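Put chain C on the given structure of chain S with help from the hints.
2 protein chains.
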Amino acid sequence: MGKKYRTSYQIPFYESDINHHVKLPHILSIALQIASDQSVELGLGDERIFKDYNLVWVVSEHEVIIDRLPQFNEIVEIETEPLSYNRYFCYREFRIYDKKGEKMMTIFSTFVLMDYDTRKVHEVPEDLIAPYESEKIRKILRGPKYRALEKAAETLYHVRYFDLDVNGHVNNSRYLEWMYDVLDFTFLKTHIPQKINLKYVKEIQYGNDIASRWEQDGLITKHEITSNGQLNAQAITQWEEV
Amino acid sequence: MGKKYRTSYQIPFYESDINHHVKLPHILSIALQIASDQSVELGLGDERIFKDYNLVWVVSEHEVIIDRLPQFNEIVEIETEPLSYNRYFCYREFRIYDKKGEKMMTIFSTFVLMDYDTRKVHEVPEDLIAPYESEKIRKILRGPKYRALEKAAETLYHVRYFDLDVNGHVNNSRYLEWMYDVLDFTFLKTHIPQKINLKYVKEIQYGNDIASRWEQDGLITKHEITSNGQLNAQAITQWEEV
Numbered sequence: 001m002g003k004k005y006r007t008s009y010q011i012p013f014y015e016s017d018i019n020h021h022v023k024l025p026h027i028l029s030i031a032l033q034i035a036s037d038q039s040v041e042l043g044l045g046d047e048r049i050f051k052d053y054n055l056v057w058v059v060s061e062h063e064v065i066i067d068r069l070p071q072f073n074e075i076v077e078i079e080t081e082p083l084s085y086n087r088y089f090c091y092r093e094f095r096i097y098d099k100k101g102e103k104m105m106t107i108f109s110t111f112v113l114m115d116y117d118t119r120k121v122h123e124v125p126e127d128l129i130a131p132y133e134s135e136k137i138r139k140i141l142r143g144p145k146y147r148a149l150e151k152a153a154e155t156l157y158h159v160r161y162f163d164l165d166v167n168g169h170v171n172n173s174r175y176l177e178w179m180y181d182v183l184d185f186t187f188l189k190t191h192i193p194q195k196i197n198l199k200y201v202k203e204i205q206y207g208n209d210i211a212s213r214w215e216q217d218g219l220i221t222k223h224e225i226t227s228n229g230q231l232n233a234q235a236i237t238q239w240e241e242v
Numbered sequence: 001m002g003k004k005y006r007t008s009y010q011i012p013f014y015e016s017d018i019n020h021h022v023k024l025p026h027i028l029s030i031a032l033q034i035a036s037d038q039s040v041e042l043g044l045g046d047e048r049i050f051k052d053y054n055l056v057w058v059v060s061e062h063e064v065i066i067d068r069l070p071q072f073n074e075i076v077e078i079e080t081e082p083l084s085y086n087r088y089f090c091y092r093e094f095r096i097y098d099k100k101g102e103k104m105m106t107i108f109s110t111f112v113l114m115d116y117d118t119r120k121v122h123e124v125p126e127d128l129i130a131p132y133e134s135e136k137i138r139k140i141l142r143g144p145k146y147r148a149l150e151k152a153a154e155t156l157y158h159v160r161y162f163d164l165d166v167n168g169h170v171n172n173s174r175y176l177e178w179m180y181d182v183l184d185f186t187f188l189k190t191h192i193p194q195k196i197n198l199k200y201v202k203e204i205q206y207g208n209d210i211a212s213r214w215e216q217d218g219l220i221t222k223h224e225i226t227s228n229g230q231l232n233a234q235a236i237t238q239w240e241e242v
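In order, the protein sequences belong to chains S and C. According to my numbering, the first sequence holds residues 1 to 242 in order. According to my numbering, the second sequence holds residues 1 to 242 in order.
The hints are simulated quantities; they were obtained by calculation from the structure and are not laboratory data. Every clue listed holds true.
With a cut-off of at most 25 Å between alpha-carbon atoms, the simulated SDA-like pairs for lysine to any residue come out as follows:
hint, chain 1, residue 1, chain 2, residue 2
1, S, K3, S, I140
2, C, K195, S, Y14
3, C, K189, S, Y206
Quick caveat: nothing in here was measured; it's all calculated off a predicted structure.
For reference, chain S alone in the conformation it holds in the complex (with noise of 0.2 Å):
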């Protein structure tokens, strides 16, 4: 019930797997940088906030639905819309479309706003969301339960120079990352997700070993990331043999 707002996007090269699909993560990128985008045409961009505000935009959760995969070199359509926003959190889908208007995939997103001196969770201010005519509800909109992993598999990842983006933490598509490259190599072969939540918990910082933590029980793959003993990421994916 928000304002869309919609671009196309061909899936490039460098972003496409051993599959000819889009890498997942790049997805994911893609989808926050049209959110950007819409906010910038808004008058409301990142830069505007931070001034007017002190704020930052953060995304906390992803529920990502898969019917299709996008791949090497489609043109896809993608859509976003702000639906609703209560006291703490804004929500936010994106649809892809392939160019025949069969909806490929939709990720509901899960957004808040952070006080960019205190670091915690800020109350929306309401001049700030009423340009987007997304609803406003009372309710909390919350994920599946994410349940500590008990006889999780476990890899150590460094974080690398690259991983780091302009906010000078590691970047959201890198958890993805992590949490796919622990699995083994003929099952990314042979599997696409049909549905992954996921979960971001607590920012990662420069020069901090993490760990891959992982469950799998057949088609459910149940993800956790941490450094230093504490919990980074969580998720939860449910696959697919193609």
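Same frame as chain S, now just chain C:
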């Protein structure tokens, strides 16, 4: 003197570094994408030359000259021109301009055509190269001498699932990431490259660990990527303090 092709490009958030500069490996990926876009426009896309000639384009060397690095959100113009070719090598330039028309970067790249089955370099077919209108030359244009490193430091990297591209081997852009990543964090924060010579020697497959080896002498760094005792890539970078 060849047919020029030009496009504009906005530097995205997720490919910008902590200094708000574009990540250089990304610029190399974009350049290759644009070369490929030009080929498609000329009716000589990768699929066509694979089907009709059993050949694939491979980049063998880059010389990158940087006056100023594109910044996060900046819209740049990227022009490419296939300059010349000889029996085996095709030379192409990329030029990046800011919105005032000032040149920011030049990339001079050497391409070869590889036979898909034999994995050997193939002579450039005249009918394939003619539409680019580049100059036929007899001379082989060589990059610098990359001497073997003698007292190099070394860091090991494991090849990850998402390092692979649609060809099933490590994407070109990763080599430069590994070369950067070994350098001191404070050095990377306070320096940008002025000139990079980068030579691809041998492709890397999944399952290998690679070594990123380097020597630093003030503002010059020299790099080697090796795996299984074989040389995969070499580079020389000249840095400038910012």
